[in-house]
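For the protein sequence lines, the chains are X and B, in the order given. Position 210 (the first sequence) corresponds to 210 in our numbering; numbering is contiguous. When you read off a place in the second sequence, starting at 1, and then add 342, the result is the number in our numbering.
No lab work stands behind these hints: they were computed from the structure. The model shown is predicted, which means the values in this text are computed figures rather than measured ones. The beta-carbon is built from N, C-alpha and C at its ideal position, and this holds for glycine as well. Hints may contain errors.
As the list claims (entries may be wrong) - One side only, chain X facing chain B, incomplete, derived with CB under 7 Å:
| hint | residue |
| --- | --- |
| 1 | Leu108 |
| 2 | Leu127 |
| 3 | Pro195 |
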Amino acid sequence: MGVTYQAIGWNRQKKIYDRTMLALVGLYLACFITMNVLFRPEITPETLIIRAAGSLALVILHIILIIGPLANDSPVLPLLYNRRHLGVTMFLFAAIHGIFSLIQFHALGSVNPIVSLFTSNTHYGQLANFPFQTLGFFALIILFLMAATSHDFWLNNLSPKVWKSLHMMVYLAYGLIIMHVMLGVVQAENSVWLPMLMGFGMMIIIGLHLAAGSREMRKTPNVSNERRSQYVEVCELSEFEDGKAKMILVGKENIAIFRYGNKLSAVSNICKHQNGPLGEGRIVNGCIVCPWHGYEYKPEDGTSPPPFKEKISTYELRLEGNVVWVDSNPRPEGTYVEPLQF
Amino acid sequence: MTPVLRKRHLRIWVILAFLLPMGFISAFFEKPDKIIVAESGNDLAPALRDILRESEDDQLKVNVRSESFVSEIDSTELSRYQLEIIIKEPLTAPSNQVYLSLDETKQSIEGKLLLGNLGPRGIYRFDLKNMPEVPEKLYLILYDGIKNQTLKTIVL
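Given these sequences and hints, build the entire structure.
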């Protein structure tokens, strides 16, 4: 959102975020290595690196997938702002795990390591002794694509829609990783702790995503296309909370109506940055703040405060008795619409 | 999030909510009942005194060692045996399991005795427990447990 280009717009929050993340990563690695040196002294340094990096990447992936559904208007929200830092860190550790595994298990023979990865075990038709390393390989390719395109440069060039679709492949990567672990290390371990932890993590993630998905679908009433190009009823005035929004979907128009003091304004519910749900954000210092990455817009004209240049559509509002109505025809992005006073 | 993306998210997670637990449970029930963790022969036991048999190529030197001792129960003279493997050149396979066999079947390791694993260059000794005497021919099989292939068979 900068007027002049900066590779990374460092601010105090980002620095605290990254330092905390690196400290926790260091703490995890120190604990993992110490425990293994004490209780499994026979493990070689290469194996230790493979296991430490792989398990750390798995833990970070779980955290990443939990943040999204928990972030809605909760204290977890600040973790969402720089989630891509976690994603890149996770990829780096997954890459260490993958590269060291490829060297340890496939690079010492006479065949190309990648060829060896796919041809050394060909039990693709059965679960027992399935070539689980190939699942990890494909997951790593997806994580690489995501890490490589995580910068806003790619978001702007690919468009938020394409970018978001690409980054939704993390769910496929997660499925591949679950099976990589279950058909790999779990098959070779006597302990039941690992499958129990994996199962617990999986149930939490699935449960949270299903709950958040159905909650958000309910939160935005959908008015059919037939009623487009006219005023549609939103709700009673008394239902609005100060500083917050009501969301409504009219055909393809996704509208957020904010109350601030004794005024109401309607804007597009879709942030220009990553299509974040503006209606789930709040009004802070007179500006709507996107809950995903903190992008700001003025409610009366949908423009970002100077020096920023983002603009979103605005909508006319009408009050009939105690009921608020919105015109589902959007005004051009950045058009001033007189707030509804009450 | 746009309504389209929101719907897509929910659909993906409904599908994953079926597929992931199915995959997880199937994989869990494929887990072998008993997992044998092969010992590494690198915890070097002292070499037994006599070399009974030996074999050598460019990469490995293999000795069957033995030593006599007197039984504390009935004072009879008994022998114990040890397999010694000296790795002269680094092994290039990702996994090097050592199996012992009394017959020459090379294709399968089923029914063969797993002695342990070989790692970096050096000396490895495996106790041939429960072997009252060494048969006329012993077949030592080096097996890659990851690629599921026999690397080498050494006759002793």
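Have a go at the Leu108(X) hint: is there a Cβ in chain B nearer than 7 Å to its own Cβ? With a closest approach of 5 Å, the Leu108(X) hint holds.
Leu127(X) was flagged as interface toward chain B. Is the shortest Cβ-Cβ separation under 7 Å? holds, 5 Å
Interface hint status, Pro195(X) versus chain B (Cβ within 7 Å): holds, 6 Å
Going down the numbered hints, you'll see the structure goes against none, and every one checks out.
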